[in-house]
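Given chain Y's structure and the hints, the job is docking chains W and F onto it.
Chains as they are written, first to last, in my numbering: chain Y, 1 to 446; chain W, 1001 to 1250; chain F, 2001 to 2190.
I should point out that these hints are in silico values taken from the structure, not numbers from a laboratory.
Incorrect hints may have been included.
The calculated label-pair distances, taken between Cβ atoms and stated as ranges, are [as the list claims (entries may be wrong)]:
1. F/K2015 - Y/K84: 27 to 35 Å
2. F/I2085 - Y/K95: 26 to 34 Å
3. Y/T393 - W/N1039: 13 to 21 Å
4. Y/E163 - F/K2102: 44 to 52 Å
5. Y/E88 - W/E1099: 50 to 58 Å
Note that the structure is a prediction, hence the values are computed from the model and not measured.
Think of the CB as a built atom: it goes at the ideal place given N, C-alpha and C, for glycine as much as any other residue.
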Amino acid sequence: MNHRERAREFLADREYAKWHDEALWFVRMKRDAAAKSVKEWEDLREAAEKIKEHTIEHLGFYLREFAKNASKKGIKVHFAKDAKEHNEIVYSILKKHRVTKVVKSKSMLTEECELNPFLESRGIEVTDTDLGERIVQLRGDRPSHIVLPAIHLKKEQIGKLFEEKLHIEKGNSDPLYLTNEARKDLRDKFLKAQGAITGVNFAVSETGGIVVCTNEGNADLGTSLAKVHIACMGIEKLIPKLKHLGVFTRLLARNATGQPITSYTTHFNSPSKDKEMHIVIVDNGRSEILKNKEHKKALFCIRCGACMNTCPIYRRSGGHSYSYVIPGPIGSVLANARDLKNNGDLAFASTLCGSCTNICPVKIDLHHQLFSYRKEYVQRGYMGFKKRLSYKTASFILRNPFFFLASMKGYKAFYPFLSKMNLWGEGRALPKPAKKSFREIYKEME
Amino acid sequence: MKRVGLFIPCYIDVFYPNAALSTLKILKDLGYEVDYPLNQSCCGQPFLNSGVFSEAKGLAEKFIEIFKDFDYVIAPSASCVATVRYRYRELLKPSKELEKIIANTYEICEFLHDVVKLKELRVSFPHRVGFHQSCHGLRELELGVGSELVKPQYSKVKYLLNLVKDIEIVDLKRPDECCGFGGTFSINEPEISIAMGRDRIEDHKKAGAEYIVGYDMSCLMHMEAIAKRENEDIKFLHVVEILAGADDES
Amino acid sequence: MNIDSFIKTIGKESKPSLDIKIEIDFEIFEDKEKAFLHSLKNVAVEGVVVKKAKIEEKIKELSKDYKNIASIYPFSIRTLNSNDIKDPKELNNVDLSIVKGKFGVCENGAVWIEEEENIHRAIYSICKHLLILLDRDSLVSTMHEAYERIDPSLSYGIFISGPSKTADIEQSLVIGAHGAKFVTVFLIDE
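Only chain Y is shown next, with the shape it has when bound in the complex:
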């Protein structure tokens, strides 16, 4: 199935699709209010872009610095060239510590690497502790949004799910009640886990430490109770200096959910007493994007999810309509970077309206990225023959006045017939030609 087909399924339930659109638009509105409360907002975006640009232009240097400083603080740093290596490293650490139960806070990287099934197949119980992620985990589902993983679900669906999995009272779908029940269940998981896995929001080269931002405090609870903490990060999470966090912590939560900052912004710069801390730094195709002049900007992303909330397509097709682990505009860009041939439909799942580009806190030119992937898609010969032929024909007609005028006349003559054929989708009438075209009127005027 391609994006269109999945979108069509999503839209089949008009009311549900509308609800989804409104829920995300509400987040966009909260974001607007938060951004507009900071008068220097656009300067912050520019600074963030500059920092990211600088960092990735010296990424090798900063990675080495980071690893050196982290080691000095007693953190063990590992490097993984791909998902497989990443998963194996994580597993080997857990195995060494005889960990059988792990709690995990949100990490899109571990989703990308499919760490959960890897560990589970080796007998380790992995519990996602972010409430949204826990919900999708219990459902055997996957996140439909990178910040709001369960945004596609209605509370009644979650209530039903908890009835079945957590044996809560029947028919209660009050978010407060459901959250409390999840808290009880997860508290127990936290207390029993020997290992904690977290993602990384920022890795600071200067300190050798990482910063993890959550609202729930699940990364804090997990890491502070378990004896070993493994933080997994892509190479693009790096920033040079501590003071640069001033820029990013001001942008991230405001742009993501409209909060002034996440409830917990934790700086892990060393393991706590008698515990171990590991950082696994992953490439998994990122160095390829880095080498691509036109597309390396995609590595600036700080995963705020705002491009999803503002995207009129995403809001009306849901995260699961995208074939990649990260949905929405940035997801489409990353999916195209990874495998253009099989994810080409995502380059076209956009009107190129540019709202994503305007909202991006690090100024990734998202809609231009998609535009340029369309070009590459065609250049590499991935566009089907029939489609290419139709473009060729249309271009030929438009370049030749004789054929152009003839086809316009033809359209007009056959309009009564054509208009019955739903040529422009079922919900749209075919435009009706005017009595006289401008060309005809103009010639008469001359």
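Only chains W and F this time, still in chain Y's reference frame:
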């Protein structure tokens, strides 16, 4: 006297001659010598946005050939102008002619605001209108400021509309959300495209608009097609039709 | 994979010759305390100005329904010095944690906590109620100023801005996801 070459995208020629006529009338009234070269058709935008650069190239070359001798090229279509201004360099070899055309191609409202610096209008339009800000005009040509940005808000087109007497511009819930046209997107993903258009129409209707007006006829064409199918009682006009003194009959 | 071959595939090893120039004309709050208290309210934190001599009394008021009160500071009311325990899991039943903040940030109500003497980082998130003691004069306007105050050699530090919360179910805000359900900040007046 400055010579203006009128660029009328093919669908405007056939479906919306009045938008073209209004553009012509306004420019003539302002004293420009306006010519509409008859061998024109398309700027190549649909091909570019579909990634088919090879098919756009011939059209772009033709565009340059047709319009290279004019002082200004003016079109009642923001997305076509954005294509010329921001995409042609990627498509064509550098040349003086190309740069001249890029520098002198304007969307009609943009031209009236930036070059003519229109200060007053003697037309009246006693209706409630919803102003649709098409994306390429808004975020590429910067005819206004996208609602995502934290910058002083302005809109060149709203400024012009406000010169019209008795007009009432209604407040929308989503002042600049995409209508879902997106050129070939409307064919590739018709379901979403239509859902987006429907939502836009609903927003305008709830705000009490009798007309949806805009500077990109293609978006209006898409919304009009949906409104027709749903028997919605709402009318569509290019902004320039109002500026040129459209009456209710049109 | 070892670091050298990993970095080799990435390249970009040249040392940057210039620092990144960032110029941001950020807001400075004139009445910092007012701005901070306002921000605290926005993130669901109770902020109270407390005279130094009255701290113990105020804590007593706050904790009258609590059984387990943990702190590494010798308040008469504490029932547990959290540094005395071995396994942080024993902190599971703590009702109130009393900690000290270094400074507060006006723009977002975040408090920076960096307690070198503290052994168990769990005390910030495992308790039902977190009480942060903060010097009244230690407020900064924005995160830019905040990071100027943090020593890059720190080993652990946390900005806490409000109780644990989630909006993962239909965007309804629920306070108390995993961590503290209540956060109180005492702004201590010398």
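Task: Cβ separation of Y/E88 and W/E1099, checked against the hinted range 50 to 58 Å - done: With a Cβ separation near 56 Å, Y/E88 and W/E1099 satisfy 50 to 58 Å, so the hint holds.
Open item on the list: Within 26 to 34 Å: is that where the Cβ-Cβ distance between F/I2085 and Y/K95 falls?
Closed with: 28 Å, holds
Open item on the list: A range of 44 to 52 Å was offered for this pair. Does it hold for the Cβ distance of Y/E163 and F/K2102?
Closed with: 45 Å, holds
TODO: Just tell me: holds or violated, for the beta carbon distance of Y/T393 and W/N1039 against 13 to 21 Å?
DONE: 19 Å, holds
Open item on the list: Between the beta carbons of F/K2015 and Y/K84, is the distance compatible with 27 to 35 Å?
Closed with: 32 Å, holds
Checked against the numbered hints listed earlier, the structure breaks none of them; every hint is satisfied.
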